[in-house]
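Visitor: Let the sequences and hints guide you as you build the complete structure.
Protein chains: 4
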Amino acid sequence: MTVPTCKQLINGKWQESTSGNILPVTNPSTGETIAQVPLCDQSEVDKAVQAALAAFPAWAKTPPQARTQILFRYKHLLDAHFDELYRLVTREHGKTLAEAKGSVRRGIEVVDLACGIPMLIKGETLSETGGSVDYMSERFPLGVCAGITPFNFPAMIPLWMFPIALACGNTFILKPSEQTPLTAIRLVELLVEAGIPDGVMNLIHGARDAVNALLTHPHIRAISFVGSTPVARYIYQTGAANGKRVQSAGGAKNHFIVMPDAPVDAVIEAINASAFGCAGERCMAGSTLLTVPGATERILEPLREAAAAMKVGPTDSDESVDMGPVISKPHLEKIHGYLAQSEKEGAKLILDGRHVNVESAPNGYYIAPTLVDGVNPQSGIIKEEVFGPVLGILRMNSLDEAIEQMNQSPFGNAGVIFTDSGKAARQFRREVRCGMIGINVGVPAPMASFSFTGWNDSFFGDLHIQGTEGIAFYTQQKVTITRWF
Amino acid sequence: MTVPTCKQLINGKWQESTSGNILPVTNPSTGETIAQVPLCDQSEVDKAVQAALAAFPAWAKTPPQARTQILFRYKHLLDAHFDELYRLVTREHGKTLAEAKGSVRRGIEVVDLACGIPMLIKGETLSETGGSVDYMSERFPLGVCAGITPFNFPAMIPLWMFPIALACGNTFILKPSEQTPLTAIRLVELLVEAGIPDGVMNLIHGARDAVNALLTHPHIRAISFVGSTPVARYIYQTGAANGKRVQSAGGAKNHFIVMPDAPVDAVIEAINASAFGCAGERCMAGSTLLTVPGATERILEPLREAAAAMKVGPTDSDESVDMGPVISKPHLEKIHGYLAQSEKEGAKLILDGRHVNVESAPNGYYIAPTLVDGVNPQSGIIKEEVFGPVLGILRMNSLDEAIEQMNQSPFGNAGVIFTDSGKAARQFRREVRCGMIGINVGVPAPMASFSFTGWNDSFFGDLHIQGTEGIAFYTQQKVTITRWF
Amino acid sequence: MTVPTCKQLINGKWQESTSGNILPVTNPSTGETIAQVPLCDQSEVDKAVQAALAAFPAWAKTPPQARTQILFRYKHLLDAHFDELYRLVTREHGKTLAEAKGSVRRGIEVVDLACGIPMLIKGETLSETGGSVDYMSERFPLGVCAGITPFNFPAMIPLWMFPIALACGNTFILKPSEQTPLTAIRLVELLVEAGIPDGVMNLIHGARDAVNALLTHPHIRAISFVGSTPVARYIYQTGAANGKRVQSAGGAKNHFIVMPDAPVDAVIEAINASAFGCAGERCMAGSTLLTVPGATERILEPLREAAAAMKVGPTDSDESVDMGPVISKPHLEKIHGYLAQSEKEGAKLILDGRHVNVESAPNGYYIAPTLVDGVNPQSGIIKEEVFGPVLGILRMNSLDEAIEQMNQSPFGNAGVIFTDSGKAARQFRREVRCGMIGINVGVPAPMASFSFTGWNDSFFGDLHIQGTEGIAFYTQQKVTITRWF
Amino acid sequence: MTVPTCKQLINGKWQESTSGNILPVTNPSTGETIAQVPLCDQSEVDKAVQAALAAFPAWAKTPPQARTQILFRYKHLLDAHFDELYRLVTREHGKTLAEAKGSVRRGIEVVDLACGIPMLIKGETLSETGGSVDYMSERFPLGVCAGITPFNFPAMIPLWMFPIALACGNTFILKPSEQTPLTAIRLVELLVEAGIPDGVMNLIHGARDAVNALLTHPHIRAISFVGSTPVARYIYQTGAANGKRVQSAGGAKNHFIVMPDAPVDAVIEAINASAFGCAGERCMAGSTLLTVPGATERILEPLREAAAAMKVGPTDSDESVDMGPVISKPHLEKIHGYLAQSEKEGAKLILDGRHVNVESAPNGYYIAPTLVDGVNPQSGIIKEEVFGPVLGILRMNSLDEAIEQMNQSPFGNAGVIFTDSGKAARQFRREVRCGMIGINVGVPAPMASFSFTGWNDSFFGDLHIQGTEGIAFYTQQKVTITRWF
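Chains as they are written, first to last, in the working numbering: chain V, 72 to 556; chain R, 72 to 556; chain X, 72 to 556; chain U, 72 to 556.
Because the hints were derived from the structure by calculation, they are not lab data.
Fair warning: there could be bad hints in the mix.
Which copy is meant is left open, because identical chains are indistinguishable; a pair holds if it fits in one copy or across any two.
To be verified - Pairs of lysine-lysine residues, derived as DSSO-like cross-links and limited to a Cα-Cα distance of at most 27 Å, are as follows:
1) LYS78 <-> LYS400
2) LYS132 <-> LYS494
3) LYS132 <-> LYS172
4) LYS419 <-> LYS78
5) LYS78 <-> LYS415
6) LYS172 <-> LYS400
7) LYS400 <-> LYS454
8) LYS78 <-> LYS382
Guide: Structure below.
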C-alpha cells in the first residue's frame with residue numbers, strides 16, 4: 072500500500088519536491104509509515120525565498136487591518152477544523168488526544184493575538200521638540216522570515232511564528248520537522264483557503280541541508296527556531312553571523328520544588344502531567360523533583376503510585392490512554408541509555424517504565440513513567456535534557472538549597488514551586504534564574520499574550536517568541552524627524 | 072614636560088594599569104600629546120568583570136527609584152560641569168566648542184531618560200486567565216554589561232549606554248576609545264561623586280586585546296558598541312557566538328536629496344552642518360548629495376561658496392572656527408587617499424580642502440570642506456564611509472531615481488530630504504531603506520527618547536541604543552504563572 | 072398591512088415591551104412605516120439593569136481569552152451577514168448602500184479590536200521597590216454599562232461601544248435610537264447567536280424616559296452616548312452627578328480649508344463626500360468651507376457643478392443614487408428653516424437643494440446638496456450644527472485667518488486641510504483646536520485602533536470612544552502592594 | 072508679636088491678597104498662631120486664571136525636554152531643602168518629623184516621575200492603513216489646571232499635581248488648604264527658583280469662595296482635588312457641570328484583615344503605623360480591624376499594649392514622640408463626639424486616648440491612640456471617616472465574611488490583609504472592592520509610578536492621580552489622518 076508524499080507550497084502552488092531524498096513519516100503509536108516526506112535542497116529553498124521576496128513589497132504595503140482580515144478567516148477555519156487538526160497531531164506525534172487538543176488550542180491563541188496587530192504595531196510620536204521639530208517612529212516588517220520547527224508540537228510551534236510574522240507584513244517560509252510534517256501542511260492549506268496571497272506563505276520540507284540553506288540565504292532577514300540547545304545555539308550563531316535576526320529556543324531541564332505545605336493530591340496531579348505529559352517530550356516538562364524535608368515523605372510514595380497507574384498505549388485509537396509513545400525508536404533507545412547510565416552511577420529506578428508491554432501496539436515506541444531516586448546531581452539525567460517520561464529526584468535540605476541547585480543548571484526555561492506560602496513563592500519567583508515560573512502550575516508555558524521567555528541556554532537571541540517581544544522581533548523601527556522651513 | 076597617565080576604575084578604586092602598553096592621547100588641533108593611555112590586557116579586563124559581577128546582586132536588588140536617585144545627582148553634576156566637559160571633548164577630539172556642547176547636551180539627555188526608569192521597566196499582569204490562574208511578567212537586569220565606544224563622541228556615546236544599563240540594575244564596564252579616553256574618565260569620576268557604589272561602574276582602557284577579552288568573557292552578558300561597520304560586524308558575530316546580547320552600531324553613507332521646492336539658504340546651512348560638522352566624523356554625517364533637476368543648479372554654486380567660506384582651524388583656542396581637525400594623521404591620510412582615487416576615476420573636486428593652511432596650528436590634522444562632483448557611483452567615496460569633510464555629488468533625474476540610488480547602499484543609518492512637499496516627504500519616509508529619516512533636518516539623530524535606529528549594515532542586533540529599545544536591551548523578562556490550591 | 076413590533080432582549084429572552092407607548096419606525100426614502108418601536112419606562116430599564124447586574128460576576132470572572140472567543144464568532148457572523156446588515160441600515164436610515172457598507176465595515180473593525188483584549192487590558196508590575204515590596208496593578212471591569220446611540224449610524228455607533236465593554240468583562244444595556252432600532256436588534260441577535268450568555272447583553276427601546284432611567288439608575292456604572300451637543304452635555308452632567316463614568320460625544324461644525332496648491336478634482340470629490348455624504352447627517356461632516364486667496368476661484372464653480380450633478384433619491388431601491396433622504400420630515404423642516412434664515416441675513420444659495428423633485432419616492436424626506444455663499448459668520452448655519460447637506464462658504468484672507476475662524480467654533484470634532492505643503496499641513500495640525508485632523512482626508516474619522524477624539528463641545532468626558540481610551544473607559548485599575556514577612 | 076501673612080504668586084509676582092479676609096494658621100502641637108492666611112475672592116482667582124491663560128501658549132509650545140530641565144532643577148532644590156520642607160510640614164500640620172520626612176519624599180518622587188515626561192506623553196502612529204493613508208496621534212496639554220489640596224499632606228498632595236500638570240505643558244493654579252498653606256508657599260518659591268516662567272505656576276489662598284470661583288471659571292480646564300467625600304463629590308459634580316475634567320479623591324474607611332498565620336509583632340507594628348500614623352488623619356489610614364478566629368486572641372492584647380505605649384506629644388520639638396496632635400480643636404471635638412456616640416451604642420473603648428495629658432504642650436490638640444471593641448457595624452465610627460487615631464474592631468467568623476463586611480463600605484480606597492497564605496492573599500486581592508490593596512503592607516499608598524486608585528466613594532472621576540492615569544488626565548489626544556494627493 073502506498074502512502075502519500077508531502078508537497079511543498081511555493082509561491083501559492085503545491086508541488087512535489089525535486090530533490091529525490093525521501094524519509095518516511097511514522098505514527099509512533101504503531102510504528103507504521105503514514106507518509107513520505109522529501110528533504111529539499113538549497114535550490115528549492117532558494118525558490119521559496121525568491122517567491123517570498125517577490126511577494127514581500129505588496130504584502131508589506133497591505134494595510135494591517137486588511138492583513139488581519141485573512142487571519143480572522145484563518146482563525147475561523149482553524150476552529151472549524153479543530154478536531155481534524157488535533158487528531159493529525161496525535162497521529163504523527165503520538166501525544167494523547169487531550170494533549171493534542173490543548174496544544175492546538177494554544178496555537179490558535181497566537182492567531183487570535185495576531186488578529187490584534189493594528190493595535191500592536193503602532194509607532195510613537197513626540198512633537199514640538201524644539202524649533203518646530205516633530206518626531207515619529209513607525210514599525211516596518213523585515214522582509215522574508217523563516218521558521219524551523221521541531222517534532223514535539225506539530226501545530227502549536229509553527230503557529231507561534233508565522234501568524235505574527237505575517238500580521239506584521241513579512242512573508243514566510245516554514246520548514247516543519249521532517250518527523251511531523253503533516254499537521255503543518257494542513258495548517259498551511261487552511262491559510263491558503265483563508266486567502267493568503269501567493270508567495271506570502273511558503274512551506275518546504277527538509278532537514279540539515281534545508282536548514283543551512285535558510286541560515287545562509289542572503290535574502291532571509293529573520294529565523295525563528297525551536298529545538299534542542301546544541302542546535303539552537305548553532306542556529307543562533309550561524310544566523311547571526313549571516314546578519315539575520317534570530318530567536319532560537321533550545322532545550323531545558325526544569326525543576327519542581329515541593330514545599331511541605333502543598334496539598335499532596337494536587338501536587339501529584341500537576342507533577343505527573345508535567346513530567347509525563349507528551350511522554351516528557353517538551354521543553355517545559357518538569358524533569359527534576361527537588362524535595363525539601365517534610366515534603367519528601369508525603370509526596371514520594373503517592374507520586375510513585377500515581378505514575379505507576381498511568382495507562383500507556385496508542386493514542387490515536389484509545390482515548391483512555393494517559394501517555395503515548397515517544398517519537399521514534401532511536402529516541403527510545405537514547406532514553407534507555409540515560410537510564411542505564413544512571414543505574415550504573417548508583418541511582419535507583421523506584422518506578423521503571425522500560426518494560427512496558429503495550430499489546431495492542433507492539434511496534435510503537437513506548438516507555439512508561441519512570442522515577443529515578445538516589446541520583447547523582449552530576450548525572451546525565453540531571454544535567455541534560457532526556458526528553459522522555461523520566462523524573463529524577465533530588466533531596467534538598469531547604470528551599471535555599473533547592474534554589475541553588477536549580478540555578479546551577481545551564482538551562483533557564485521553567486521552574487515550578489508547589490506551596491501555599493506567599494513568602495516562599497516570592498523568594499522562588501525572584502531568585503530562580505529561569506524565565507518561566509510556575510507557582511503551583513506544573514507547566515508554566517505562557518499563553519500567546521505573554522512571551523515564551525527562556526533564559527540562559529534555553530534561548531538564544533534578544534526577543535522571545537509570542538507576546539510583545541514576538542511582535543518586536545518581526546518588525547523594525549524607523550524614526551523620522553521633521554521640520555518645515 | 073610630562074603628561075598624565077589615564078587611570079582605570081575597578082571596583083571603586085582608581086588605579087594605574089599594569090599592562091605596560093602605553094599610547095599617547097593627542098589634541099588633534101595641535102598634534103600635541105596631552106595624556107598617556109594604557110592598553111590593558113585580559114587579566115585587567117577580568118578584574119573589572121569580577122568587580123562588576125560581585126557588585127551585581129546588591130545593585131540589581133536596589134530599588135529602581137533608589138538607583139535613579141544616584142542618576143538624578145549625576146544629572147545635576149553633569150549640568151554643573153557642563154563647560155568643563157564640552158571643553159574636554161573639544162580638546163581630545165577636535166570638534167568645535169559649539170559641536171561639543173551639543174554632543175554633551177545630547178548625552179545628558181540619556182541620563183534624563185534613565186532617571187525615568189521606574190516608569191519604563193514595568194512588567195505586565197493579566198489575571199483570571201482560567202482556573203484562577205494569574206499571569207505576571209517582570210523585567211530583570213542582565214548582569215555585567217560592557218560598552219565599547221568610538222573616538223568621535225567622547226561624551227555622548229558612553230552616555231548612550233551606561234546610564235540606561237545602570238538604571239536597569241546592571242553593572243557596567245566602559246572601554247572608551249584609546250584616542251579619546253579623557254572625557255570618559257571625567258564622566259565616570261562624576262558618577263562616582265554622585266554616589267555609584269563600588270564595582271557597579273568600571274572603566275578600563277585598551278584596544279583590540281581588551282575588546283576581545285570583553286567579547287569572550289563568560290560573565291559578560293551584553294555588549295554595546297559603536298564604531299565602523301567591519302568592526303561592528305565582528306563585534307556582533309563574536310559576541311553572539313559567545314552567547315551575549317549585542318547592540319552594535321556601525322558606519323554609514325548618508326544621502327541628502329534636495330527637491331526644487333526647498334529654500335536654498337536653509338538647505339545649504341543644513342547640508343554644511345551635516346557634511347562638515349565634526350569634520351565629517353560622525354555616522355550621521357550626510358556624505359552624498361543627490362540632486363534632482365531644478366534643484367541642482369540652484370544649490371551647487373551657493374553650496375560651494377558657503378563651504379569654501381568655512382573657517383578651519385584649532386577648535387580649543389578659537390571660538391570663531393567653523394570646523395576643526397580630523398582625529399589623527401593616519402586618518403587624514405586615508406581621506407586624502409579617497410580623494411586621490413576619486414580624481415583618478417574622473418571626479419572633479421569643485422572644492423578642494425586638501426591644501427588648507429592653518430597657520431596658528433601647523434601640526435594639527437586639517438582638511439577643509441571638499442566637494443566632489445562628477446563622481447562615479449561605484450567609487451569609494453560613494454560606496455564607503457570616508458569619515459571626513461567630503462561631500463560627493465550625484466545628479467539624479469527624479470526623486471524615484473534618487474531613492475533607488477540610496478537604497479542600493481548597504482548602509483542604513485540616515486536619509487535626508489529637503490522639500491516643502493508633503494507628498495515627496497511621505498514617499499521618501501516610507502520608501503527609503505534606512506532607519507533615521509530627516510525631513511528638512513540635516514542630521515536626524517534622535518534624542519534620547521527615541522532609539523538610534525540604524526538599519527542594514529549600519530546596525531547589527533535586534534535592539535537599538537536609547538529609547539524604548541535601549542531599555543529592552545538591558546533587561547530580560549520573567550513570566551510567572553500562579554494559581555493557589 | 073401590519074408591521075412588526077420591535078422586541079427587547081432582557082436576560083437572554085426576547086420580549087415585548089409592556090410600556091404601551093409605541094412609535095413608528097420609518098423608511099425615510101419612502102416615508103413608509105416599517106416597524107413599531109416601544110418606548111420602555113423605568114421599570115423595564117430596571118429589569119434590564121437587574122439582569123445585567125446578576126450576569127456581571129460570572130462574566131467578569133470569565134477569562135479574557137474566553138470572552139473573546141465569543142467575539143471572534145461574532146466577527147465571523149457579522150461578516151457573514153454583512154449584506155443584510157448594511158441593507159438594513161439603508162432601509163431605516165436612508166443613507167446610500169455604499170455609505171451603509173462603509174459604516175458597517177467600520178463598526179466591525181471595533182469587534183476586531185475587541186478580539187485583541189487579552190493584550191490590551193494588561194496591568195503593570197514593578198518589583199523590589201524597597202524592603203522586598205512588589206507592586207502590581209490589574210484592570211477590572213466596571214459592572215453594568217449602558218450605550219445610548221443616535222439614528223445616524225445604526226450599526227457603527229452601537230458597535231463602537233458594546234464589543235469593547237463586553238470584552239473588558241462588563242455587562243451591557245443598549246438603547247438604540249427609537250428612529251433606527253432595527254439594525255441594533257439584528258446586531259444583538261447575532262451576538263446571541265455567537266453565544267453571549269444570558270444577561271450579559273441587553274437591548275431596550277425608548278426615548279427620554281428610558282435615558283433618564285439609565286442616567287439615574289444606581290447600578291449603572293458607565294454611560295456611552297453619541298448625539299447632539301445639548302443632549303450630550305445633559306447626559307454628561309446628569310451621569311456625572313449620579314456618580315457614573317460618562318463618555319458623551321456631541322455635535323460638531325467641521326471646517327475645510329482649501330489651499331491654492333491642492334488639486335481641484337480630488338478636493339471637490341473629498342468635499343462632496345464629506346459635506347453631502349449621509350445627507351450631511353454625521354458629526355464628522357464638513358459643513359463650512361474656508362477658502363483662501365488663490366483657491367476660492369479655482370474651487371467654487373467646479374464644486375457647485377459637481378454638487379449639482381449628484382443624484383438624490385431613494386437609496387434602498389436605487390444603487391445609482393448619490394445621496395439619500397434626511398431622517399424625518401421634522402428634521403427636513405429644520406434644515407429648511409436654517410436656509411431661510413440665512414437668506415434673510417443676506418446669504419446667497421449658489422446651489423439650492425430645497426426644491427429637489429424625487430418622482431420615484433414623493434413621500435421621502437429629500438433635500439439636494441446646497442451651497443451657501445456670502446454667509447454671515449454669526450449665522451446659524453455657520454455657528455450651529457445643521458445636520459443636513461448644506462455647505463456654508465467663508466472667504467478668508469490667509470491660512471492664519473482661516474485657522475483663527477475655525478478656532479472660534481465652540482465645537483472641536485474635525486478639521487480638514489487640502490494642500491501639498493508639508494508646512495501648511497503641520498501648522499494646521501498643531502494649531503487647530505479640534506481633535507480629529509484630516510490632511511487631504513475629507514472625513515477624518517479614525518478607525519477602531521485610534522480613539523474618536525472630539526474636543527471642546529464635541530465631547531464631554533475624559534476618555535473617548537474606541538482605541539486605547541475606549542478600553543481605559545470600560546476598566547478600572549486596582550493596585551496591589553505586597554511584601555511577605 | 073506679629074506673624075507673617077501668606078502671599079500669593081500671580082504671574083510670577085508674590086503679592087498680598089486684597090480680599091481683607093484673614094484666618095490664622097496654627098501649629099497644632101502648641102495651638103500657637105504661626106501665620107495669617109488670606110482668603111481670596113473671585114476677582115483674585117480670576118487674576119490668577121488670566122495669568123495662567125496668558126502663559127499657556129508659550130509654555131505649551133516649550134519642548135517637553137526643556138520643560139523638564141526646570142523640573143530637574145526643581146528636584147535638586149527639593150532635595151537640597153529637604154530638611155526645611157519636612158520641618159515645615161510638621162510645624163503646620165503636627166505629624167511627626169519621621170512621618171513628615173516620608174511624605175515629602177513621596178512628593179518628590181512625583182517630580183522624579185514628571186522629569187520623565189518626554190517618554191510618557193508620546194502619541195502613536197500607524198501607517199499604510201489603506202490608500203497611502205497614515206495615522207498619528209499626539210498628546211496636547213489642556214490649558215489652565217487647578218489643584219485644591221487638603222491639610223493633611225501639605226507637601227505631598229500639592230506635589231501629586233502640579234509637577235505632572237506642568238511637565239505636560241499646562242499652566243497651574245494651586246490653592247492649598249487654608250489650614251496648612253506654608254509648605255505650599257515654600258514649594259512654589261523653590262519652583263520659581265528653579266526657573267518656572269511667570270504665570271505658568273500660580274498660588275492663591277482661600278476657602279469655599281475660592282474653590283467655587285475655580286470650579287466655575289470658564290477658562291479652567293481641569294481640577295485636581297483631594298479632601299473628604301462630600302466635598303469631593305461636590306467638586307466633581309460642579310466641575311463636570313462646568314465642563315471641566317475632574318479628578319477628585321475623597322475619604323475612606325480602610326479595613327485590615329488579620330489571618331491566624333500572620334506574625335504578631337510585624338502585624339502590630341504595621342497596624343499601629345497605619346491606624347495612628349499622622350494621628351489617623353489620612354485617607355489611607357486603616358481604621359477598622361477585622362479579625363478572624365485564631366487571629367483575634369493573638370492580636371488584640373499585644374495591639375492594645377503597643378498602642379498604649381505610643382508617646383503622644385508635640386512633634387516639632389520632640390523627636391521621640393510617636394504621634395502628634397490632630398489638626399485643630401474643632402476636629403478634636405468631632406473625634407470625641409464619634410467616641411461618645413459609640414459608647415452610647417454599647418461599644419467599649421479598650422484603649423481610651425481622650426484623656427491624654429501632654430504637659431509640655433497643654434494647648435495642643437491631642438488625643439492618644441484609641442481602640443474601640445464591641446462596636447456596632449452600623450455605628451458612625453465604622454461607617455464614616457473619623458480622621459483620628461481611632462481603630463474600630465469587628466470580629467468576623469471567616470475571611471469570606473470579612474471581605475463581605477469590607478465590601479459593604481461605600482468607600483473604596485485601601486484594604487489590607489496580613490497573612491502568609493498566597494491563597495488568602497489572592498482571594499482578598501481579587502474580591503475586595505477597593506482600589507489599593509496591601510498584602511502585609513499597612514498603608515498601601517502607591518509610589519508615584521502607580522496611580523492612586525481609589526474606587527467607589529473614595530474617588531470621583533475617570534483618571535486617577537499619579538502614574539499613567541495622572542499623565543493621561545493632564546493631556547488630550549489629537550488624531551491626524553493624512554494622505555497626499
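Visitor: Compare the structure with each hint and give your call.
Guide: Evaluation of the provided hints:
In this assembly of identical chains, LYS78 and LYS400 lie within 27 Å of each other by CA distance solely inside one copy; the values are 25 Å within and 62 Å between copies. Proximity of LYS132 to LYS494 under the C-alpha cut-off of 27 Å is restricted to the inter-copy arrangement: shortest distance 17 Å between copies versus 51 Å within a copy. When the C-alpha separation of LYS132 and LYS172 is checked against a cutoff of 27 Å, the pair qualifies only between copies, where the shortest distance is 24 Å, while the shortest distance within a copy is 36 Å. Proximity of LYS419 and LYS78 under a CA criterion of 27 Å is satisfied in neither setting, with 47 Å inside one chain copy and 59 Å between copies.
Proximity of LYS78 and LYS415 under a CA criterion of 27 Å is satisfied in neither setting, with 46 Å inside one chain copy and 56 Å between copies. Proximity of LYS172 to LYS400 under the C-alpha cut-off of 27 Å is restricted to the intra-copy arrangement: shortest distance 25 Å within a copy versus 59 Å between copies. Proximity of LYS400 to LYS454 under the C-alpha cut-off of 27 Å is restricted to the intra-copy arrangement: shortest distance 23 Å within a copy versus 56 Å between copies. For the homomeric pair LYS78 and LYS382, neither the shortest alpha-carbon distance inside one copy (36 Å) nor that between copies (55 Å) is at most 27 Å.
Checked against the numbered hints listed earlier, the structure breaks hints 4, 5 and 8; every other hint is satisfied.
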